[in-house]
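Trainee: Got two chains here, separate frames each, mind docking them using the hints?
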Amino acid sequence: MIENTRLQTSYNFGFIDESTKKEIRRKLLKAVAIPGYQVPYSSPEMPIARGWGTGGLHVTLSLIQKQDLLKVIDQGSDASVNACSIRQFVQRMTGCEVTTDTAAATLIQTRHRIPEEILTEKQILVFQVPQPEVLRPVERLENRTRQMHAEADYARMWVSLYESFVRYGSLMRGAGYPVKVNGRYLMSPSPIPRWDVPNLSHAKCLYLFGAGREKRIYAVPPHTLVEPLEFEDVRFRVEDWGGLNCSYSGQGDAFLDEIYDAAGVRKFVVNDSNFLDKLRTGEPRPPQRLFRESQ
Amino acid sequence: MGYVAVKGGEDAIANAAQLVEFYRLRGQTAPIEVQQIRTQMRLLVDKVMGEGSLYAPEHAALALKQMEGDVFEAAFLLRAYRATLSRRYYSDVISTRDMLVKRRISSAFRDIPGGQILGPTRDYTQRLFDPAVAEETARTSAQFVDQFASETGPGQPTQRFGKVIDLLSAQGLMRKDARDDSDRRVVDITRDAVKYPAPRSAVLQSLARAETGALMCLGYSTMRGFAAGGHGTVGELRMGDVEVRVTDPNGRKRYIGRLTVTECEMVSPAPPSKKREESVPYLAIGYGLCFGHNETKVICMGMLDSSLRQPNDANPANSQEFTIYHSEGVESYGFTNHLKLPHYVTFQSGLDNLRDSMQRADEIRKRASVGQPEAGVAGAIKS
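Residue numbers (my numbering), protein chains in the order written: chain A, 71 to 365; chain B, 17 to 399.
Extracted from the complex, chain B is given alone in its bound form (with noise of 0.2 Å):
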């Protein structure tokens, strides 16, 4: 071997990178600028940036581009790429109470305050195919745009609401100590390995960006009856844009952008205490937010809040274990996938194992046939 087959391995790597972009490029058609994919393919970039735990528009579509469309390579291109920034400032903490919002809903009550705001959403569009979308030209998204921004008027500003679930605290349904006992450290997963039972601040952390499909999976067994937590409500799911500021060295507050996130706070009955006078069902909030418009992921998430406070580690979406590592995208994807890299010697030391298994128990075998007491399998170890 020796330098030649390294040399041929550098090789073969090379050359795998040549033709995957080979494939990538061979259709031949127009090469979709970056731009468009931010804009255009919007809920993906959302779910990469969720994903890939870095708010970063441009770079998430640049991944998806690079990526060729794969969800998983680009969120986990987004985390390698975030580990090498220095972080030069923590933001001081944002309050959604003052987002801006574009779409807010509750399912708890018919009429809230400010009123329900569909906002941008095909929850009620029939999944029918639209020729018209494969039609589409620059001209004819012009026009709409046109005509939808003379119906709609000049800019319909974004505002602010109050939350729904003010409405249950003012009358003392909902309970902010309701577990007193929790942990609240708020602890930085990305400096730190998580140690359980883990404190709540790591627990949404980690659903923050976890896999939507994964938490898509877990929240609903635990409506299935996989797990204790049920059926919660929708207090209140809301999207919009809020603000980031810093406090700069000289103590003044500096904005310096916006985000846009969806929350969700599921309300559902508080775990019971196991006190008997202090067994009141209060109801409590089961808590979702993640970058960008995704709206599965915060319903989950928001379920799961909820389901892990009440641990059990018998039902999945109970266990902070299994929830928390087994959600994990870019930490599952990678380890999935290295079952593709040579294991011959692991294997090997299996396959002695398992030879010389064999072998005992045709000995224990021929023995038994020529009418030999039986010698059993400690017996055959000896001999």
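Looking at chain A on its own, in the form it has when it is part of the complex (with noise of 0.2 Å):
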């Protein structure tokens, strides 16, 4: 029969072993060397599943210290609850102090948003990042994209991106838009929406991507060049909610989520909780990088 005590166990700080922890600095700092580039590491099973976070918590655990004051988003929400699950998670493991505003975390862990504040160069961002792959789109196997990344040869996206023109008059990307990073990657942003794209180039933190079911990382380090791919005459354009505003601030210039009250009603709202939570105080509107062209 198995002891109480051979299950009770005690975890290292973080989780993750020491030794793994190093592994993955190791392929963080590869990861930053070669902005973009898609760097191969162990990923550890995790205790929550494939597809829900490990990626961002492999890179999370390896980097968090005692004194880092760490935010959880999902969806651009810090409520959300597999934010929360990851959130108590790394705090059990940690210790580490938890907050839900933006401009106080040191490390913010993301699925599938940039918070609108601006970040500085002393937070970085985690994203978790389901598919890293940008190319798995036009070609499904990993043998042959890993060697159209080292030829640079990314034809088959161009000309994907031009076939979605002709067939439906615009680039037909949603979320997850490819970008050329440094002018050397194409890489996948996470799925991240088309206004949030913008705010990978030039940007003062650090941005690491941890995909852990397909085992990658890679990073956009801080005032790095980021292109979203477009053609001279048809350009990368953002989100456009028609000039309408957060139905709750009644401010708009920022990613807006589509809700349907119960009596069906549509409205808009801001889409980031941090942000919107800053809006309705009244207080004076956080700093913001904004790149839509003027209406």
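I should point out that these hints are in silico values taken from the structure, not numbers from a laboratory.
This structure is a prediction, so every number in the text was calculated from the model and none was measured.
Do not rely on the hints blindly, as some may be mistaken.
Once the Cα atoms are required to be at most 27 Å apart in a straight line, the calculated DSS-like pairs of lysine-lysine come out as [what the hints assert, rightly or not]:
#	chain 1	residue 1	chain 2	residue 2
1	B	211	A	100
2	A	136	A	100
3	A	192	A	91
4	A	136	B	23
5	A	337	A	274
6	A	337	B	211
7	A	274	A	250
8	A	92	A	136
9	A	337	A	250
10	B	23	A	91
11	A	92	B	211
12	B	211	A	250
13	A	337	B	356
The following label-pair restraints were derived from C-beta to C-beta distances [said to hold, decoys possible]:
#	chain 1	residue 1	chain 2	residue 2	range
14	B	266	A	217	55 to 61 Å
15	A	331	B	47	43 to 49 Å
16	A	81	B	289	39 to 45 Å
Pulled from the structure, derived: some chain A residues nowhere near chain B, Cβ distances all over 10 Å [to be verified]:
#	residue
17	110
18	136
19	207
20	227
21	239
22	361
A virtual CB, placed ideally from N, CA and C, is assigned to each residue, including glycine.
Mentor: This is the structure we're talking about:
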């Protein structure tokens, strides 16, 4: 019979053992040194399911230190149950303080959003990535996509964008818009909306991407050029809400969620929960990088 | 939102955990003991250990109890636990020639040296309900065990046997070097991401911890003609115990325990050589091995080991990437279930494109109906 003591396990600080953390940090350094390049790594199993943020957790847990202040968001919200679950887990395994305040956090783990508020050189944003391979829609084999990256052979991606335009009159890429990093590697920015894509370029903070199930890590270092793919005459464009404003804060110029009330009436609300909180206090609007063409 | 909403999310998680615990216990029947699961759900425990990639019967039984019998969850729990264990030693290489055999069969020959040993199997038992099992008590099962022991005599010793494939090798029908160009590097798929084309060690490790049902689907597809590989022959299928030894720092070999494993050697013609003068259809082995007693898994693994040595990315079972990525149970289980997570940001981004596209189509239609020249898609964009 299992002795109780055999099952009561104490965990290392940050759950992951130190040698694996060291391995992940080394892979992170490599990722930073080659912006946009996908570095394979061990990706040990975690107590949360594959596809639910294991890659982000590997990065977060291998970097976090006692003095860090952690924020976790999912689809822009601190309150999302999976964000709560991940925040709770990291807190339990490290004892670190947590926050919802974007400006105060030193380490932010996110799924599918970049916070509206400007991130600084003191902050790291860790993305959870479901599919790191930007070329997967045009080539299903990993063996070949790695070769295409090595040779910077991105013709098929360009052709697919062109075909979208011919068929539908626009590039038709929603979230996870393909970008070129530092003039070299094509990269999936993870399924962030197009609204967030320009924010990747020449940012002050470090962006790290963890794809646990696919066992890849990549990075966009601060002050690095990140360009969405576009043609000279057909440009990348961010989402547009037709000039509508948030029905809670009355403000625009932020990514808006489309919600329906009990009567089925459509409303738009600022997606970034902490940003919305700050807008509603009536204090000065937190600083943002805005890229939308003036309307 | 802020603190209140976050607190709400945390409360919801805690309440959901309580509720699911209630669902587990609300029947108010006597709690199943972990030991009961371990001994009476032997094949289920073995499956979980195989897919969980950790030989720990008691932990597997506990996982099954905790997860209300969900095999995916139980294997996942075992894997997550496994990742926290430090690797203290590498065992010495285990040879299954030294297996203490409980069951071994060959479909390649009627008689084999040492004989066919049917062992514990339901292969030839009709699948009819046995009402007596429903009425089983501790007394009736003790009675059965006593009677069985008295009939079979004291401890039928398990034996070691030579391998059926040795017969084939001795006659030169089977060539060890049939594919001497194959990648023989030994990698560890738990420490490094698999790179493709993968060496055979990575293929076999991946298949050994793959999900049984997925392997069956792919293995079966080779037999029904959806992949090169065809209908191999079970050269030998054996199940039994192997001893695990490690070498201590003083160089002494230490016995640390036994594993029950199932092994299958599927025999089929080696992939044809490209050179005409060498194109003799020698026999080759498709190898399958897994923790515990799981014959379906090792047979399918054997078929897939063969089919994956005839690469063709058009067929799932001839494609390393297809087979290895998609038979990995813990990963595919996690990712298919992640669809339950909110995706409203991604969805909104797609809706924006769709509405835009619909509006353009409307404009084109309107123009056509008022008799304006066909503007075309590109024309609509410029306007």
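Trainee: For a C-alpha distance cap of 27 Å, please report whether residue 211 (chain B) and residue 250 (chain A) respect it.
Mentor: holds (24 Å)
Trainee: Given the proposed pairing of residue 211 (chain B) with residue 100 (chain A), does the C-alpha separation stay at or below 27 Å?
Mentor: holds (18 Å)
Trainee: Taking the closest pair, is the beta carbon of residue 110 (chain A) still more than 10 Å from chain B?
Mentor: The claim is violated: residue 110 (chain A) sits with its nearest Cβ about 4 Å from chain B, within 10 Å.
Trainee: Residue 23 (chain B) and residue 91 (chain A): Cα distance at most 27 Å?
Mentor: With Cα atoms ~30 Å apart, residue 23 (chain B) and residue 91 (chain A) exceed 27 Å; violated.
Trainee: Note whether the CB distance of residue 266 (chain B) and residue 217 (chain A) lies within 55 to 61 Å or breaks it.
Mentor: violated (48 Å)
Trainee: Holds or violated: are the alpha carbons of residue 192 (chain A) and residue 91 (chain A) at most 27 Å from each other?
Mentor: Between residue 192 (chain A) and residue 91 (chain A) the Cα gap is close to 21 Å, so the pair holds against 27 Å.
Trainee: With a cut-off of 27 Å on the C-alpha distance, tell me whether residue 136 (chain A) and residue 23 (chain B) pass.
Mentor: It holds: about 23 Å lies between the C-alpha atoms, which stays within 27 Å.
Trainee: Under the criterion that the straight-line Cα-Cα distance not exceed 27 Å, is the pair residue 136 (chain A), residue 100 (chain A) satisfied?
Mentor: At roughly 24 Å apart (the allowed maximum being 27 Å), residue 100 (chain A) and residue 136 (chain A) satisfy the hint.
Trainee: Verify this label for me: residue 227 (chain A) is non-interface relative to chain B, using a Cβ-Cβ cutoff of 10 Å.
Mentor: The assertion about residue 227 (chain A) holds, with a minimum of 17 Å to chain B.
Trainee: Residue 337 (chain A) and residue 211 (chain B) were given as a pair; does the straight-line alpha-carbon distance stay at or below 27 Å?
Mentor: Distance of about 47 Å is beyond 27 Å: violated.
Trainee: Sort out whether residue 250 (chain A) lies within 27 Å of residue 274 (chain A), counting only the CA atoms.
Mentor: It holds: about 18 Å lies between the C-alpha atoms, which stays within 27 Å.
Trainee: Between residue 331 (chain A) and residue 47 (chain B), does the beta-carbon spacing fit 43 to 49 Å?
Mentor: Given a distance of about 46 Å, which is inside 43 to 49 Å, the answer is holds.
Hint check: violations occur at hints 5, 6, 9, 10, 14, 16, 17 and 21; the rest are consistent with the structure.
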